Structures are given as structure tokens and as C-alpha cells.
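Residue numbers (this note's numbering), protein chains in the order written: chain S, 1 to 270; chain R, 1 to 270; chain P, 1 to 270; chain Y, 1 to 270.
Simulated from the structure, these hints should not be mistaken for laboratory data.
Since the structure is predicted, the reported quantities are computational estimates derived from the model, not experimental observations.
Treat each hint with caution, since some may be false.
[To be verified] 25 Å max Cα-Cα, derived SDA-like pairs, lysine to any residue:
| # | chain 1 | residue 1 | chain 2 | residue 2 |
| --- | --- | --- | --- | --- |
| 1 | Y | Lys143 | R | Ala120 |
| 2 | R | Lys143 | R | Ala119 |
| 3 | R | Lys143 | R | Arg216 |
| 4 | P | Lys143 | P | His121 |
| 5 | S | Lys155 | S | Gly172 |
| 6 | P | Lys155 | P | Ala133 |
| 7 | R | Lys155 | P | Lys143 |
| 8 | Y | Lys155 | S | Ile254 |
| 9 | R | Lys155 | S | Gly25 |
| 10 | R | Lys143 | Y | Lys155 |
| 11 | P | Lys155 | R | Val197 |
| 12 | S | Lys155 | Y | Gln170 |
| 13 | Y | Lys143 | P | Asp129 |
| 14 | S | Lys143 | S | Thr173 |
| 15 | P | Lys155 | P | Gly126 |
| 16 | P | Lys143 | P | Phe165 |
| 17 | R | Lys155 | P | Pro266 |
| 18 | Y | Lys155 | Y | Gly172 |
| 19 | R | Lys143 | R | Glu166 |
| 20 | P | Lys143 | S | Glu138 |
| 21 | R | Lys143 | Y | Ala260 |
| 22 | R | Lys143 | R | Glu87 |
| 23 | Y | Lys143 | R | Ala119 |
| 24 | S | Lys155 | Y | Lys155 |
[Stated by the list, open to error] Part of the chain Y face toward chain S, derived, beta carbon under 7 Å:
| # | residue |
| --- | --- |
| 25 | Thr81 |
| 26 | Val136 |
| 27 | Gly212 |
| 28 | Pro214 |
| 29 | Leu215 |
| 30 | Gly258 |
| 31 | Pro261 |
| 32 | Val265 |
Heads up, the beta-carbon is just placed ideally off N, CA and C, and yes, glycines get one too.
Number of protein chains: 4
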Amino acid sequence: MKIGRQDQHSSAICASNERTIVVRGHDLVGELIGNIGFTDHIWLLITGALPTASQRRILDATLVAIAEHGLVPSVQASRLTLAAAPEALQGAVAAGILGCGSVVLGSAEAAGQFLAEIAAHASTDGAVDAAVARVVGEYRAAKRAIPGYGHPLHKGLDPRAQRLFEVAEQTGTSGRHAEIAHAVQRLLPQLLGRALVINVSGAIPAVLLDAGYPLRALKGVPILARTASLVAHLLEEQLRPIGFVLSHAAAQAIDYDGSAPDGFVPSRDS
Amino acid sequence: MKIGRQDQHSSAICASNERTIVVRGHDLVGELIGNIGFTDHIWLLITGALPTASQRRILDATLVAIAEHGLVPSVQASRLTLAAAPEALQGAVAAGILGCGSVVLGSAEAAGQFLAEIAAHASTDGAVDAAVARVVGEYRAAKRAIPGYGHPLHKGLDPRAQRLFEVAEQTGTSGRHAEIAHAVQRLLPQLLGRALVINVSGAIPAVLLDAGYPLRALKGVPILARTASLVAHLLEEQLRPIGFVLSHAAAQAIDYDGSAPDGFVPSRDS
Amino acid sequence: MKIGRQDQHSSAICASNERTIVVRGHDLVGELIGNIGFTDHIWLLITGALPTASQRRILDATLVAIAEHGLVPSVQASRLTLAAAPEALQGAVAAGILGCGSVVLGSAEAAGQFLAEIAAHASTDGAVDAAVARVVGEYRAAKRAIPGYGHPLHKGLDPRAQRLFEVAEQTGTSGRHAEIAHAVQRLLPQLLGRALVINVSGAIPAVLLDAGYPLRALKGVPILARTASLVAHLLEEQLRPIGFVLSHAAAQAIDYDGSAPDGFVPSRDS
Amino acid sequence: MKIGRQDQHSSAICASNERTIVVRGHDLVGELIGNIGFTDHIWLLITGALPTASQRRILDATLVAIAEHGLVPSVQASRLTLAAAPEALQGAVAAGILGCGSVVLGSAEAAGQFLAEIAAHASTDGAVDAAVARVVGEYRAAKRAIPGYGHPLHKGLDPRAQRLFEVAEQTGTSGRHAEIAHAVQRLLPQLLGRALVINVSGAIPAVLLDAGYPLRALKGVPILARTASLVAHLLEEQLRPIGFVLSHAAAQAIDYDGSAPDGFVPSRDS
């Protein structure tokens with residue numbers, strides 16, 4: 001059946017014939033393979049144009065920053081899945097990517113939306129602090145967390161965030177969104193009653209939006225970065241498996257508090 | 001319950017404390033962010049060591065080569081999924097990655113295994129042609145396709161494959177696996193009775209294995225590359241949606257040939 | 001790292017030892033297998049108690065109603081995925097389930113939330129029509145669609161919805177939520193300026209909530225039902241494949257409108 | 001591009017028009033909703049015909065048997081995913097289903113294939129024991145595990161398997177595949193040198209194939225059953241979350257054994 005009212009039927013990403021593949025207007029074989037890096041290609045695919053050196057360096061920095069942080073939930077889900085289904089590495093990667101959500105890892109997107117809302121208000125009336133207060137107030141009223149601030153481990157400071165802002169300064173791309181991100185950090189104690197530092201998921205959209213990366217592709221950055229990490233963990237899982245060790249330890253941490261037939265004694269190992 | 005016999009419980013990828021994140025022995029913030037590119041980081045995560053310039057260029061070339069080829073099945077599955085579930089971009093990416101299978105896109109892994117089997121036999125007795133004949137014969141006996149050869153569109157020649165071998169020559173990394181890949185192409189007419197050219201999924205493992213990339217992480221290359229393409233398609237899907245146009249056209253191509261109550265006339269639109 | 005503040009560590013669903021598996025307090029082997037139906041077991045797993053005959057009939061009716069509607073986007077995504085990755089049927093099922101989103105198929109959950117909000121207001125002040133007007137007004141103000149109303153194919157009437165309300169009348173479980181669902185349909189012309197009929201995703205939460213099924217498990221109903229449909233389509237895909245026919249027809253419906261090198265002519269087949 | 005040689009373009013599962021939805025030849029609204037159970041509908045969708053009472057009871061018994069077994073890897077992956085991405089319940093279900101693999105949960109398919117191979121040989125020459133010896137020998141030669149035998153927790157006997165064979169006796173559907181499954185169990189000590197009992201994933205294909213359920217849809221049974229379990233666990237995860245408790249306990253069980261900068265002390269909590 002025909003769902004929705006989609007009346008355009010074009011795509012501007014790729015076309016090909018038997019001899020040539022055109023990607024974003026470029027001849028893939030004649031111009032791109034062997035001549036540009038993967039990060040250039042990511043920027044080209046997403047934005048339609050090759051990046052400047054500064055744009056490439058910012059995108060590289062964000063991808064390196066968010067790729068790996070140990071045995072986090074998405075990595076665990078992925079390794080458990082490979083242990084159970086070794087025939088399909090793509091399934092284990094997919095399981096890991098599904099954990100790039102609004103709470104963990106995927107919050108760069110929500111933080112970008114938050115910064116962009118403040119930027120929109122600030123560009124109208126020029127006053128960043130007032131725009132911050134307004135948008136933070138709206139989030140509080142809707143009982144929404146402020147995305148991109150605070151971290152369970154890096155409490156005093158998320159060193160990755162600080163380093164990303166430093167790189168943005170060095171490349172000369174730092175701009176309005178970085179300014180807003182810091183204004184939020186400065187104002188949160190009075191607006192929320194407690195201090196929260198910018199975390200890596202707050203810094204990523206700030207430096208990327210300042211560099212011209214599109215808002216609605218922000219979630220692609222943690223997803224791409226984490227995919228690299230997942231491939232590394234899944235290679236290790238093949239060579240030195242821990243999937244069932246993870247699973248066993250996790251299950252041991254949970255008690256059964258439902259009812260049971262008389263005399264039933266749960267196994268510690270089930 | 002305790003499944004399997006996994007008796008080691010270590011990982012060598014990442015450790016952290018409140019101030020420092022260590023990735024593969026390097027201080028993530030102090031050494032890596034802003035100083036290395038994403039491709040370097042991918043190689044580091046997967047192999048445990050930073051790549052040489054040649055290794056980086058080969059990995060870049062393969063990722064650029066395989067990222068995008070238009071509205072292929074995995075891209076369609078991803079765009080259909082975002083159209084139906086716009087609240088979860090990660091779900092649409094995951095749906096696309098699940099199509100990196102043994103038939104489409106994921107065959108680089110099988111092709112790498114095929115080349116490695118031939119290399120193992122050839123290293124024992126020195127004769128590449130005999131090793132090719134033996135392994136191709138085993139695949140034929142098991143009615144398995146020869147992975148990495150032939151392409152539905154690029155029939156005479158897959159220009160991406162040719163370009164990858166050219167880059168490998170330029171970087172000086174070309175070696176035994178590229179030699180074997182070409183020997184297979186040369187021998188297939190007599191072994192199979194028909195000519196098939198090396199495709200991009202045959203060239204990728206050849207040049208990567210020659211450069212020292214690990215066999216069991218080969219599938220990560222098309223998965224990572226395709227993730228970049230999916231993010232680009234999903235941004236376009238948000239801005240210029242075609243998901244339901246794709247779905248409508250696909251459904252129109254299929255007839256119903258089951259039974260039906262008397263007098264029932266199917267809608268062309270259902 | 002420790003994420004969030006989860007301070008309880010119990011589950012009440014299952015416990016086991018070497019001889020016995022306890023599910024929701026029942027001995028799985030001694031009491032359940034062979035003695036109850038799958039629908040009973042679904043209700044037991046989700047709610048903690050076996051259903052009454054009426055509850056079972058309502059849940060059966062909703063699962064049967066929503067399972068299958070032809071080559072919809074989620075089914076297409078699933079068949080495309082199996083064609084590309086036949087080694088992992090679970091991946092193809094997962095790709096299909098990922099399309100149970102807020103726009104297509106998954107809207108039963110949003111519709112249930114909508115009906116529950118109206119019910120909460122109505123229970124306070126007793127007036128259903130006023131509660132409907134209030135909540136519809138809030139949705140309009142937030143530019144949200146009214147979930148559970150209107151259908152692209154079944155415009156005059158969604159016959160599945162009507163049948164579900166009929167079954168609910170027969171089982172005597174019909175109650176406040178069905179009443180509200182109909183009040184919404186009656187009031188929409190004046191509140192929205194156009195008539196929209198209750199669709200199957202509006203009827204499912206109405207009859208299930210009236211029967212005592214939990215709100216936050218509503219999305220499980222289309223997911224479970226669609227999983228049955230996906231298994232059927234994936235068996236057919238193995239026996240009479242159409243995955244690449246779907247993909248080819250879909251790609252043919254889309255034009256390339258990006259730039260290209262001079263003289264490039266895209267293949268109709270790429 | 002056109003992949004593969006698919007030359008038929010029909011489907012026999014569903015057709016519809018504005019008033020009527022036909023599923024497997026039946027009027028969905030007029031005949032099925034409210035009149036048949038979900039298990040009947042599953043059988044109808046998959047096989048094309050409504051089940052007999054015996055077939056329904058067998059399918060019910062297998063779905064009830066395999067649905068739930070506590071915090072197994074697929075359930076953990078699913079709960080971790082919901083904790084990280086609560087906005088997409090379908091993503092958490094998909095992550096769980098991806099763990100229905102060849103090692104855990106999905107082995108019913110491989111066991112069905114194994115039984116079917118023996119049945120094919122036995123039907124030619126009439127001797128079950130010889131056919132068992134031949135196929136077990138082939139699996140040993142290929143270093144493949146015997147699918148459907150042995151269990152990490154239920155070592156002496158998998159009580160679910162025993163119960164399924166009992167139900168098959170009661171319904172009068174027990175036949176050649178059950179006979180073969182038991183012959184394998186009897187012969188394994190001499191063929192493998194150790195005893196292994198039939199587990200639930202061995203019994204499921206035996207009783208289903210005997211009842212006329214199709215071999216290539218066998219994996220659908222654990223997938224469907226587990227989906228019900230996942231919905232229950234994901235409701236509990238919303239009401240009494242343990243996702244991050246699982247994740248924390250799992251991470252604590254793993255040591256870092258890679259290199260690190262001088263003086264670095266990993267946090268126990270990272």
C-alpha cells in the first residue's frame with residue numbers, strides 16, 4: 001500500500017554504470033580510491049563536499065574520542081551476541097549499534113539539538129545567557145535531562161571534551177556552539193542548583209556543528225566510531241572469548257524474587 | 001548458567017580511571033585525540049598497533065572503495081526502517097548492517113578465507129597454481145561459489161578491484177595474496193569452464209592481508225564502510241524521504257498467487 | 001563503569017536448578033508445557049498470571065489481527081536482508097522487527113499512551129468528552145499526530161478495528177478505553193476539522209487495556225505478531241525468493257539528481 | 001543493479017483491497033480474528049493451512065518449552081540495550097533475537113537438519129542405526145558438534161525434552177524423527193565415546209517435523225518463543241531496571257591485560 005505522501009523520488013548520493021561509479025559527483029575509481037582518506041569520504045558522503053583540512057581534523061578527533069571506552073553495555077551486548085551466534089558477525093555489530101541510544105552513547109544527537117535550540121534563540125536576540133536560561137528552563141519544565149553534561153566516571157572533568165575544544169581552537173573552527181556549550185556549563189549551577197561538566201557527548205556536537213557538520217547526522221558519529229570499536233572487540237572475542245564469562249557474572253548479580261513451588265532451591269548457576 | 005568452557009577473563013583493548021582512558025596502551029586524550037586520524041585509530045583498535053603510512057593508505061583505499069554503491073538492498077532496508085521508525089536512527093543503521101551477509105557485501109570475509117587457504121597450501125609446497133587448483137576443486141566439490149569473483153553490474157572488470165591492486169603496488173605492500181588472487185582469475189576459465197573477474201570483495205582481502213590486516217576482522221571493513229554510507233542515506237532520508245516510494249514500487253512488482261475467497265479483487269495498491 | 005542509579009538487583013520471571021525450571025512461580029515442565037497454549041504463556045510471562053478465557057481470546061484476536069498485511073516495509077526489509085545474508089535467519093527477523101516503529105506498526109504503543117492519558121483525566125472529573133478535547137488539544141499544540149486513527153488503505157473503515165471491538169463486546173471485557181477510543185472518533189471532525197476512523201493500532205490498545213494487559217508492554221503485541229509473519233515470509237523467501245526482485249524494482253523507481261562527470265550516463269540497472 | 005537470477009515474482013501469503021485482507025486464502029476479518037488462536041495463525045501463516053488439534057498442541061508445547069530460561073545471553077543483551085536506548089523497544093527486542101544463533105537457542109534448526117539427514121538415509125535403506133552411525137561419522141569428520149544433545153545446566157536429563165516427547169506420544173504425532181532422536185542418544189556413547197542426552201533444541205525439531213512443520217522454518221520457533229520472553233523482560237526492565245547492574249557486574253569480572261602508560265592504575269569501576 002502507499003504509505004504517507006512522499007512525492008519526490010530522487011537521491012543525490014550515487015549513480016553508476018558498467019564502467020563508472022559516481023559518488024557525490026566524483027568518479028569513485030578515478031578520483032577517490034587511493035587518493036582520499038576514509039574520514040574525507042565520510043564527510044563527502046554525508047555533506048556532499050570534501051572537507052577542508054580543519055573539518056577533517058575535527059571529524060577525526062571526534063571519531064577517535066568516542067570510539068572506545070572499555071566493556072560498556074553496547075560492547076557487552078555485541079560480544080554476548082557473537083558468543084551465541086558466531087556465524088553472523090554483522091548481527092553482533094548490529095546488536096552493539098542498537099545500544100547507541102538516547103541514554104548511552106547516542107546523546108550527542110540530543111546534545112546537538114539542545115545547543116542548536118539555544119543558538120536559534122541567541123541569534124534572534126543576541127544574548128547567549130538568556131537563551132541558555134530559556135532553553136534549560138524548558139527542559140526542566142518538561143523534566144528532561146540536559147544532554148551532554150555529567151559523566152558517571154569522569155566526574156570532575158571529561159578529559160575528552162576538554163581535548164576536543166582544544167583541537168577546535170587549534171583548527172580555528174571553534175565558534176558559536178562551543179561558546180554556548182561553555183555558557184551552559186557556567187550557568188548550570190544557578191539554573192539547576194548543581195554543577196555538571198560538559199562530557200564528550202556534549203563536546204562532539206559543539207565542535208562538529210561549528211565546523212559545518214549537519215545536525216541531523218550527528219548520531220552517525222558515535223555510531224561510526226563505535227562500529228570500529230565493536231570490530232576490534234569482536235576480533236578479540238574470536239581469539240580470546242569472554243562472552244559467556246560476562247554473561248555468567250552478570251546473571252550471578254541478580255536474585256530471583258518471584259514465587260516458586262514449595263521446596264524449590266534455585267541453582268547459583270542458573 | 002555457565003555456558004561453554006571459557007577460562008580466561010581478560011581483555012587487552014581499553015582500561016580507564018577517573019582521569020585517564022588507555023586504548024591499546026596509549027593515553028587516549030594525551031596521545032591520540034587530535035593527533036591521529038580515524039583510519040589510524042581503526043587499525044590501532046583492531047591490531048593493537050598504529051599503522052604505517054602504507055597500511056593506513058591501503059585501509060583507507062578499501063574503506064573508500066566499498067562504502068557506497070547506490071540503493072543496494074542494505075541501503076533500502078535501512079531507509080525503509082527509518083521511514084517506519086524515525087525515532088531510532090541506530091535501528092535503521094543496524095537494519096542496514098544486517099544485510100552485510102555472505103551473498104552481498106560481506107563476501108570479503110569468505111574471499112579472505114579462500115585466499116588464506118590457498119596461501120597455506122602454497123607455502124607448504126611452493127606451487128601457487130597447484131594450490132589454487134586444489135582449493136577451487138574443493139569448493140566445487142562442496143558446491144560452494146568462489147567468493148570474490150564476478151559481479152552483477154561490472155561484468156568485464158570491477159574497476160574498484162583494479163584500482164585497489166594499483167594502490168597496493170604503489171605502497172609496496174602487494175604480496176602473496178594479491179598474487180594468488182590474480183592466479184585464481186587466470187586459472188578459473190580452465191578450472192570452472194568460465195571466466196570471472198576479481199571483484200571488489202576479492203581485492204579487499206587480498207590487499208589487506210598483504211598489508212598485515214587480520215583475517216578474522218575482514219568483515220569489519222565492509223561493515224564500517226557501509227555504516228558511513230548508511231549515515232549519509234539516513235540524513236538524505238530525513239531531508240528528502242523516499243522510503244515509502246521504495247516500498248511501494250517494490251510491492252507493486254510482486255503478484256499474489258495464493259487462493260482467495262470468491263469475488264475478491266486485490267487492490268493494485270496493497 | 002557504573003552507569004545510573006539502579007539499586008535493586010532482582011528479577012521475578014524465572015529461576016532454575018538442574019532439575020526444575022520455574023517460570024512466574026509455575027513448574028515449567030510439570031505444569032505448563034503441553035498443558036497451556038502459547039497465548040496463555042505470553043500473558044503469563046508478561047503479567048505474572050495466567051489469563052482468563054476472555055483475556056486469552058482478546059490477546060489472540062489482537063495478535064491475529066496485526067500479524068500480516070502483505071509486503072509492508074518491515075517485511076520487505078526482512079526479505080532483502082535474508083537474500084543478502086541467508087546464513088542468519090535471526091538477522092532477517094531482527095531487521096523486520098526494527099521497522100516496528102512509531103510511524104508504522106508500532107503505533108499501538110503511542111495510541112495506548114494517548115488513550116491512557118485521556119482515561120486519567122476522565123477518571124478525575126468524570127467527563128470523557130472534555131478529557132478527549134483536552135488531550136487532543138495538547139497533541140495539536142505539540143504538532144503530534146493522533147495515534148491510532150486513519151489508514152492509508154482502509155480509509156472508510158479499518159475492518160480489523162471494528163472486529164476487535166466486536167470480540168471485546170462478546171467477551172464482556174469492553175470498557176473505558178474502548179469507550180474513549182470511540183469518543184475520539186466521534187469528536188475528531190470538530191476537534192481536527194476532519195474525520196479519521198479508528199485503525200487497528202488504535203483498537204488493539206483499547207481492547208487490551210480494557211482486558212488488563214499492561215500499557216508498557218503494548219508494543220510487544222505488534223512485535224510478536226509481526227515476528228510470526230516474518231517467519232512465514234522468510235520461509236517463502238527460501239523456497240521462492242523475491243528479495244532481489246523487490247530491491248531491483250525499488251531502485252528503478254528512484255532517479256539520481258546529483259552531479260556527475262561530463263558524459264556520464266547512469267545505467268538503468270544500477 | 002539486478003543481483004542474482006530470481007525469475008519468479010509472486011507471493012502466496014497475503015493480498016488485500018480497501019475492504020478485505022486475505023491471509024493464506026482466508027478472509028482475515030470475517031474468518032480469523034476472534035475465531036482462531038495465535039498458535040493456529042502462526043501455523044497457518046507458515047504452512048498455508050490451519051493446524052489440526054494435535055499440530056496446534058505440539059506447536060504450543062514447543063513454544064512454551066523454549067520461551068524462557070532466565071537471564072541468558074540474549075535476554076541480557078536485550079535488557080542492556082533497552083537501558084541504553086529506552087526510546088526504541090523494538091531495538092532491544094532485535095538485539096535479543098540476534099542472539100538466537102547456532103550456539104545458543106538457534107540450534108533447533110541445526111538439530112532439525114541433522115535429524116532430516118539421518119531420516120533421508122534411513123528411508124533409503126530402512127536401517128535407522130546405520131544411518132545414525134553414518135551421519136554422526138560425517139559430523140565428527142567435519143569436526144562439527146552434534147546439534148541438539150547435551151546441556152550446560154541440565155546434564156543428566158533435559159526435562160523439557162522428555163516432556164515434549166511425552167506430549168507427542170499423547171497427540172499421536174510421534175514418528176520417525178522422534179525415533180531417530182532417541183536412536184542417536186542411545187548410540188552416542190559408542191559413536192562419540194561419551195553419553196549426551198537430548199536437549200530441548202533436539203526435541204523441538206523431532207516433534208515438530210513429525211507433526212508436519214517445515215524444516216526451514218524451525219528457527220522461527222525459538223525466535224518467536226524468545227520474543228515473548230523478551231517482551232516480558234523488557235516490561236520488567238522498565239518497571240524494575242537491572243540493565244546497568246548486569247553491565248557493571250559483567251565488566252567487573254574482566255581484567256585488563258594490555259599495556260598502559262607508566263603509573264596508570266585502572267579504576268575497578270571502569
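### Query
With a cut-off of 7 Å, does the beta carbon of Leu215(Y) approach a beta carbon of chain S closely enough for the hint to hold?
Violated: closest Cβ of chain S sits about 18 Å from Leu215(Y), beyond 7 Å.
### Message
With the threshold set at 25 Å, check whether the alpha-carbon distance from Lys143(R) to Lys155(Y) stays at or below it.
### Response
Cα-Cα ~38 Å, so violated.
### Query
Would the pair Lys155(P) and Gly126(P) pass a check requiring their Cα atoms to be no farther apart than 25 Å?
This hinted pair is violated, its Cα atoms lying about 32 Å apart.
### Query
Is the shortest C-beta separation between Val136(Y) and chain S less than 7 Å?
Where the cut-off is 7 Å and the nearest Cβ of chain S is about 22 Å from Val136(Y), the hint is violated.
### Proposed proximity, Lys143(P) with Lys155(R) (alpha carbon, max 25 Å)
violated, 51 Å
### Task
For the pair supplied as a hint, Lys155(P) and Ala133(P), confirm whether the alpha-carbon distance does not exceed 25 Å.
Since the Cα atoms of Lys155(P) and Ala133(P) sit roughly 23 Å apart, the hinted pair holds (cutoff 25 Å).
### Message
Please verify whether Lys143(P) and Glu138(S) have alpha carbons no more than 25 Å apart.
### Response
Satisfied, since the Cα-Cα distance of roughly 17 Å is no more than 25 Å.
### Pair hint outcome, Lys143(Y) versus Asp129(P) [Cα-Cα no greater than 25 Å]
Status violated; Cα separation ~69 Å.
### Query
CA of Lys155(P) to CA of Val197(R), is that 25 Å or under?
violated, 52 Å
### Query
Does Lys155(R) pair with Gly25(S) here, judged by a C-alpha cut-off of 25 Å?
Within the cut-off at roughly 23 Å; holds.
### Query
Minimum Cβ distance from Pro214(Y) to chain S below 7 Å?
Result: violated, 21 Å to nearest chain S Cβ.
### Query
Can the restraint linking Lys143(R) and Arg216(R) be considered satisfied, given a maximum Cα separation of 25 Å?
holds, 23 Å
The structure is inconsistent with the numbered hints 5, 7, 10, 11, 12, 13, 14, 15, 16, 18, 19, 21, 22, 24, 26, 27, 28, 29, 30, 31, 32, although it conforms to all the rest.
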